[in-house]
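S.K.: What follows is the residue order along each chain.
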Amino acid sequence: MNNMLLRVYNLDKHFGGVYAVHNCTFGVREGTITSIIGPNGAGKTTAFNLITGILKPDKGTVWFKKKNITGLRPYEVARTGISRTFQLAKVFKYMSARDNLLIARQASDKELQKALDQVNYARELDTIAGELSYGNQRLLEIARALLLPHELLMLDEPTAGVNPKVRQELKSILKNLKKQGKTIVLIEHDMDFVMSISDEVIVLNEGTVLTSGTPAQVRKNKRVLEAYLGK
Amino acid sequence: MASSLLTIRNLEAGYGRLKALFGIEMVIKPGEIAVLIGPNGAGKSTVLKSVFNLCDIRKGSIIYKGKDITKLPTHERIQLGISIVPQGRQVFSNLTVKENLEMGAYMTKGKELIETRMDEVLSHFPDLRQKLNANAFSLSGGQQQMLAMSRALMQDPQLLLLDEPSLGLAPKTTQELFQRIQDINKEGTTVLMVEQNAKAACAIADQIFVLEEGKVALKGGRSVLKNPKIKNIYLGGHGH
Amino acid sequence: MAFENYLIHLGILLCIYVMLTISLNLSVGFTGLLNLGHIAFFGIGAYASALLVLHGYPLWIGILGAALIAGLVGALLAVPTSRLKGDYLALATLGFLFIMGTIARNWTGLTRGPLGLPGIPRYTAENQTLLIIAAVTALAMTGIIWIITRTRFGKTLQAVRDDELATQMLGKNTFAHKIASMGLSALLAGIAGSFFAHYISFIDPSIFSSGDTILVFSMLIVGGLASVPGSLLGATIILLIPEPLRFIGFPSALVGPMREMLFALILLLILIYRPKGIFGKVDFQ
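One line per chain: the protein sequences are A, B and C, in this order. The first sequence begins at 2 in the working numbering and counts up one residue at a time. The second sequence begins at 2 in the working numbering and counts up one residue at a time. The third sequence begins at 1151 in the working numbering and counts up one residue at a time.
Quick caveat, the hints were computed from the structure, so don't treat them as lab data. Keep in mind the model is a prediction, meaning the values are calculated, not measured. Hints may contain errors.
[Stated by the list, open to error] Straight line, CA to CA, 20 Å or less: simulated SDA-like cross-link-like pairs of lysine to any residue: (1) A:115 x A:99; (2) A:221 x B:230; (3) A:221 x B:226; (4) C:1235 x A:76.
[Unchecked claim] So the derived label-pair ranges between C-beta atoms look like this: (5) A:150 x C:1271: 52 to 58 Å; (6) A:132 x C:1394: 52 to 58 Å; (7) C:1298 x A:67: 46 to 52 Å; (8) A:132 x B:69: 47 to 53 Å; (9) A:57 x B:109: 28 to 34 Å; (10) C:1226 x A:123: 43 to 49 Å; (11) C:1423 x A:115: 39 to 45 Å; (12) B:139 x C:1252: 30 to 36 Å; (13) B:17 x A:115: 29 to 35 Å; (14) A:67 x B:17: 41 to 47 Å.
Just so it is clear, CB atoms sit at the ideal spot from N, CA and C, and this is done for glycine as well.
Taking the hints into account, I'd like the entire structure generated from these sequences.
M.R.: Encoded structure:
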């Protein structure tokens, strides 16, 4: 069995008396694709933000490569080897695709072009990011996240808001990355996709882990569908 | 009485470049509670927004009481008797309950008319009647949601659109809220409601539409939730 | 002769405004910082240089002192606010401008208060030479900024402007970048201030004027945020277009208000027809 690359223990985060995340504990094994699912408001993005230092937990710890990274600032977390994308693609809209990528890593135009080809980005290195279609912005954001030296990739709803063609492209990209042995955590709502590609599925509900396991195990668990349908 | 209050035909809509609905077909009968459920990103809110002209409609038509309102601007739709309670308990926090309700009646002329209507609306929400002079921000989440709803009711709409009314509310509060929705409906207001809490919403629904990826995947009465396809819609598994 | 002198004077003023605009562009246009107190650093540079030289130090110490002191103050101002929302920096810098004016007026032991500092030594008596020095300095500053924006550091500044959070998630310490940007921007404004003091030969607390802040901001916006040629153009347009009014023969009482109307008209036209500025590619957020 592979090591746990990322572990979170008993994370608590509340906003004005309401718990967004409560007693949240889970781990991500090296070389696997783990998907975090759960109904709206379950705390998935909050968990991501706690891991990447955008939010500070009220309680609990985050461990990456056996080091305690709780409370580190986002740029420090990134430097430990975690790369992430956001629910809404965050590209530098007044800068070219090339410059967007260069912020992640110094590289020649040839390497940059390769990075873009890998994600099937359909425009040029010179195109200004703000002029791209949303789908291409998403692809650019992912290419940029891949260029940053990292050991863990965190993707927050990568397929949200993109057209079916780009959605298919994203799925093949993730399948390729899986073949390369990368460790990826993703938040996703596209269940077919989640179930087909994940090694492990973690179900969050009301801020805490409801259950986790292989896709088949999770689908069989009655409580999961109940969580989605409400009380 | 016409058999349809609201008919949506082949609706394709979205936000700028983002397309969310790919051909919605729906018929809502007068006097019923219709509920829209479905997984995240299925397009439920977009359907409501289309009825109220808050997003970009590319194709299809929306017919209300026999009139094609697809291209009608929002304020004219209000005048036709459609009211919306948007997501997230949107009340004017620094105004009192009474002032919020008065804001809801901005198109009504005549102080007496407004007061009469306020009285009628508050008969459903006795909690609010007690807090008429309290500032909206001091109300609990559930009370704020009821205030938002009351405000929408001040125009005495025939069609009330609710966008995730139970969002962020405790289960007990949700039950109370849904009870009130039923009361309002009994007095003749047709309700079209988008909900995350499928179970609670379906318990009071007359008609249920299950949305998936911008289309109506299932529809029916309360037994719809027992349909085995529900699992596939919410948890994937038909492999397409 | 008089007309020639007038042109030289105008030319030197233009160079100083170019320095102010291009240095402001670094913090506002390229880094997205709401730096409303830029003139404060200009004034600090002027006073620092004047005081150092009046107390016997050589000219180059005056310039160096102006640059370092203004730069340090700019950086320090950014420290408490760089972790907060942009509005805080706007408040801090604007407030700082007013505070500096008050200090200049009241710390009479140092600044002679409203009496100002007269008799500041010039580099040379020859105005023409001064014009050349001004032009060289302005062009050098422009060149430096242009080069900076093409370096890794400069690109990271622009990334901070476009999306600070995304920049952080790529491993960049955005707070340090913002502080460095403010510091550098202020340092260059300080140099402009030093030049001004040694040209006009007399400075007083009125140098800390918010009216000048608005003027420089207009030059920046008209030319276009984050555009280096834009800053040159913006300064030229705003400064030079009202100038012909002097010669049309309006009664002198009207010239002032007419300039202001023309200035407002230019701004209005730009905001309606080219809100990003003539060469700008970036919106004012």
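S.K.: State for each hint whether it applies.
M.R.: Quick rundown of the hints versus the structure:
1. A:115 x A:99: 12 Å, holds
2. A:221 x B:230: 14 Å, holds
3. A:221 x B:226: 17 Å, holds
4. C:1235 x A:76: Given pair residue 1235 (chain C), residue 76 (chain A) holds - Cα atoms ~18 Å apart, limit 20 Å.
5. A:150 x C:1271: 52 to 58 Å: 55 Å, holds
6. A:132 x C:1394: 52 to 58 Å: 40 Å, violated
7. C:1298 x A:67: 46 to 52 Å: Violated, at about 40 Å.
8. A:132 x B:69: 47 to 53 Å: Given range 47 to 53 Å: violated, Cβ gap about 36 Å.
9. A:57 x B:109: 28 to 34 Å: At 49 Å between Cβs, range violated.
10. C:1226 x A:123: 43 to 49 Å: Check passed, 47 Å falls within 43 to 49 Å.
11. C:1423 x A:115: 39 to 45 Å: Because 42 Å falls inside the window, the suggested range holds.
12. B:139 x C:1252: 30 to 36 Å: 42 Å, violated
13. B:17 x A:115: 29 to 35 Å: 31 Å, holds
14. A:67 x B:17: 41 to 47 Å: 45 Å, holds
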